[in-house]
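*Asks:* Generate coordinates for the entire structure from the input sequences, incorporating the hints supplied.
Keeping their order, the protein sequence lines are chains A and B. For our numbering, add 28 to where a residue sits in the first sequence, where the first one is 1. For our numbering, add 5 to where a residue sits in the second sequence, where the first one is 1.
Mixed in with the good hints, there may be bad ones.
Below 20 Å or equal to it, Euclidean Cα-Cα: the simulated PhoX-like pairs (lysine-lysine) are [as the list claims (entries may be wrong)]: (1) B/66 / B/35; (2) B/66 / B/110; (3) A/84 / A/35; (4) B/209 / B/187; (5) B/155 / B/188; (6) A/145 / B/199; (7) B/211 / A/136; (8) B/209 / A/145; (9) A/156 / A/145; (10) B/35 / B/110; (11) B/101 / B/148; (12) B/211 / A/145; (13) B/155 / B/110; (14) B/140 / A/145; (15) B/110 / B/148; (16) B/199 / A/156; (17) B/199 / B/209; (18) B/199 / B/211.
Which residues of chain B face chain A? A partial, calculated answer using Cβ under 8 Å [stated by the list, open to error]: (19) 76; (20) 158; (21) 163; (22) 168; (23) 174; (24) 175.
Covered by chain B, according to a simulated footprint, are these stretches of chain A (three or more residues, beta-carbon under 8 Å) [stated by the list, open to error]: (25) 143-155; (26) 158-166.
FYI, nobody ran anything at the bench for these hints, they're computed from the structure. Even for Gly, the Cβ is constructed at its ideal location relative to N, Cα and C.
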Amino acid sequence: METLLVKLVQLGAMGLIGFTLYTSFLLIRESKRGAYKFMGFALGCSFLAAGVEAFKLLHPAQISIHISPAKPMLANLPPPTVSVRGANLTMGENGEADIILTPGDSVKFSYENTLIKLITDRDIALAKSSNDAGGSSDEAP
Amino acid sequence: MKRLNKLTCILLVFLAQICFADDPIQPQYKGADATAVDNAKNLRLAQRYNESIDLLLPIVKREPAYYRAMYQLALACAERAQSVSRQPNDIENADKWFRLAIAEKERLNAAGTPLNEYTIYNSYGWFLMETGHFKDAEMSLLKGLNELDKLPSVQSQQRVLNNLAIVYKRQGRFDEAAALSKKAIALGSVTAQKNFIEIQQMSKAKIQK
Numbered sequence: 029m030e031t032l033l034v035k036l037v038q039l040g041a042m043g044l045i046g047f048t049l050y051t052s053f054l055l056i057r058e059s060k061r062g063a064y065k066f067m068g069f070a071l072g073c074s075f076l077a078a079g080v081e082a083f084k085l086l087h088p089a090q091i092s093i094h095i096s097p098a099k100p101m102l103a104n105l106p107p108p109t110v111s112v113r114g115a116n117l118t119m120g121e122n123g124e125a126d127i128i129l130t131p132g133d134s135v136k137f138s139y140e141n142t143l144i145k146l147i148t149d150r151d152i153a154l155a156k157s158s159n160d161a162g163g164s165s166d167e168a169p
Numbered sequence: 006m007k008r009l010n011k012l013t014c015i016l017l018v019f020l021a022q023i024c025f026a027d028d029p030i031q032p033q034y035k036g037a038d039a040t041a042v043d044n045a046k047n048l049r050l051a052q053r054y055n056e057s058i059d060l061l062l063p064i065v066k067r068e069p070a071y072y073r074a075m076y077q078l079a080l081a082c083a084e085r086a087q088s089v090s091r092q093p094n095d096i097e098n099a100d101k102w103f104r105l106a107i108a109e110k111e112r113l114n115a116a117g118t119p120l121n122e123y124t125i126y127n128s129y130g131w132f133l134m135e136t137g138h139f140k141d142a143e144m145s146l147l148k149g150l151n152e153l154d155k156l157p158s159v160q161s162q163q164r165v166l167n168n169l170a171i172v173y174k175r176q177g178r179f180d181e182a183a184a185l186s187k188k189a190i191a192l193g194s195v196t197a198q199k200n201f202i203e204i205q206q207m208s209k210a211k212i213q214k
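*Replies:* What follows is the structure, encoded as structure tokens:
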């Protein structure tokens with residue numbers, strides 16, 4: 029809702045600047061006095077708004093990342109570790125997470141434990157069919 | 006004719022001895038119960054888990070300190086849990102019977118009359134590995150490792166070593182896993198050879214990281 033309001037205000041401001049530019053253009057065509065001042069004001073506002081947007085792009089205050097749940101992929105795996113600013117974040121049991129970053133932050137995803145689990149699960153499956161690993165079911169007295 | 010009758014009698018007595026032999030581990034359990042446990046084991050190995058469990062349950066109820074019956078019951082529940090005929094409480098029951106059997110074994114050990122049977126530590130460790138309890142599996146397998154020389158075969162020893170190596174590998178303890186795999190290789194384990202190469206690669210990757 030908040031985002032929508034901000035977008036509406038931005039749209040309104042752009043419309044106002046556009047209208048001012050159009051009006052000043054009409055005034056210049058009619059050679060009215062003060063038309064250039066009027067246009068200069070509109071252009072100034074446009075450049076200012078563009079400058080603010082460009083600054084925001086170059087220096088973001090916050091970035092929000094959402095990782096969606098991925099149950100089929102992670103059904104039998106522990107969630108990967110996500111580390112931000114050196115601190116580990118807990119992901120949901122289906123691998124979902126909401127991460128908010130500030131400038132200078134780095135995100136590190138670690139799948140090491142997940143890979144080790146995958147490998148050992150495969151080892152257990154192989155051990156079941158081998159004679160030199162697995163249970164002692166056949167040797168139990 | 007007389008000689009034939011004598012021979013038949015001797016054969017019948019011999020067969021009766023075999024059929025109603027005392028328990029090989031706990032001789033105080035005689036005849037019928039020991040035979041029933043043997044039958045239950047055969048049924049379990051033939052994947053007839055329900056019949057095996059039905060045969061063992063009355064015995065463990067009647068003889069709550071009968072180690073071999075509890076051990077077989079634990080295995081039957083654990084194996085049924087992985088079969089199509091699994092029942093909702095099979096895992097919990099298997100765990101319960103494993104614990105009771107091990108408790109009885111350790112009680113007898115403390116009383117100075119140890120049972121000459123050590124495969125249960127690997128069986129329980131393997132059961133815990135399969136159910137995802139790697140920390141507990143490690144404890145049981147370590148007990149098996151302590152009794153390595155008392156295990157009935159080289160294959161048994163290889164199993165303990167390889168299973169514990171998998172547990173360590175899972176925890177990222179590659180040095181300990183590699184040491185166990187080396188021991189298993191020395192005993193001729195093929196699985197350990199494959200495992201050892203992989204453990205070395207994983208260990209190397211961890212160091213480079």
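*Asks:* Does each hint hold? Answer for all of them.
*Replies:* Hints, one by one, checked against the model:
1. Under the criterion of a C-alpha separation no larger than 20 Å, the hint pairing residue 66 of chain B with residue 35 of chain B is consistent with the structure, at around 16 Å.
2. At roughly 17 Å between alpha-carbon atoms, residue 66 of chain B and residue 110 of chain B fall within 20 Å of each other, so this suggested pair holds.
3. Taking the CA atoms of residue 84 of chain A and residue 35 of chain A, the gap is near 15 Å; set against the 20 Å cutoff, the hint holds.
4. Among the hinted pairs, residue 209 of chain B with residue 187 of chain B is consistent with the structure: their alpha-carbon atoms are about 17 Å apart, no more than 20 Å.
5. Annotation: proposed proximity of residue 155 of chain B to residue 188 of chain B holds, straight-line Cα distance about 16 Å (limit 20 Å).
6. Between residue 145 of chain A and residue 199 of chain B the alpha-carbon distance is near 17 Å, which keeps this suggested pair within the 20 Å criterion.
7. In summary, the hint linking residue 211 of chain B to residue 136 of chain A is supported, as the alpha carbons are separated by about 16 Å, within the 20 Å threshold.
8. A threshold of 20 Å between alpha carbons decides the hint, and for residue 209 of chain B with residue 145 of chain A the separation of about 18 Å falls inside it, so the pair holds.
9. As the CA atoms of residue 156 of chain A and residue 145 of chain A are separated by approximately 17 Å, the hinted pair is consistent with the 20 Å bound.
10. About 19 Å separates the Cα atoms of residue 35 of chain B and residue 110 of chain B, which keeps this hinted pair within 20 Å; it holds.
11. Of the supplied pair hints, the one linking residue 101 of chain B and residue 148 of chain B holds, its CA atoms being roughly 18 Å apart against a limit of 20 Å.
12. Between residue 211 of chain B and residue 145 of chain A, the direct Cα distance comes to roughly 15 Å. Compliance with the 20 Å bound is thereby established for this hinted pair.
13. Taking the CA atoms of residue 155 of chain B and residue 110 of chain B, the gap is about 14 Å. The hint holds against a cut of 20 Å.
14. Only pairs whose Cα atoms come within 20 Å are accepted, and residue 140 of chain B paired with residue 145 of chain A is accepted, the gap being roughly 14 Å.
15. For the hint pairing residue 110 of chain B with residue 148 of chain B, the CA-to-CA distance comes to about 12 Å; that is within 20 Å, so the pair holds.
16. Distance hint between residue 199 of chain B and residue 156 of chain A is fulfilled; the C-alpha atoms sit about 15 Å from each other, no more than 20 Å.
17. A distance of roughly 16 Å separates the Cα atoms of residue 199 of chain B and residue 209 of chain B; the hinted pair therefore holds under the 20 Å criterion.
18. For the suggested pair residue 199 of chain B and residue 211 of chain B, the alpha carbons sit about 19 Å apart, so the restraint of at most 20 Å is met.
19. For residue 76 of chain B, the suggested interface contact is upheld, since its CB lies about 6 Å from the closest CB of chain A, less than 8 Å.
20. Contact between residue 158 of chain B and chain A, as hinted, is supported at the beta carbon level, the nearest pair being about 7 Å apart and thus within 8 Å.
21. Interface restraint check: residue 163 of chain B against chain A, minimum CB-CB distance 4 Å, threshold 8 Å, status holds.
22. Taken as an interface hint, residue 168 of chain B checks out: its beta carbon lies about 6 Å from the nearest beta carbon of chain A, inside 8 Å.
23. With a cut of 8 Å, the hint placing residue 174 of chain B at the interface with chain A holds, because the nearest CB-to-CB distance is about 6 Å.
24. The closest approach between the C-beta of residue 175 of chain B and any C-beta of chain A is roughly 4 Å, which is under the 8 Å cut-off, so the hint is satisfied.
25. Under a criterion of three residues with beta carbons nearer than 8 Å to beta carbons of chain B, the stated coverage of the stretch 143-155 of chain A is upheld, 8 such residues being counted.
26. With 9 residues having a Cβ less than 8 Å from any Cβ of chain B, the stretch 158-166 of chain A passes the three-residue criterion, so the hint holds.
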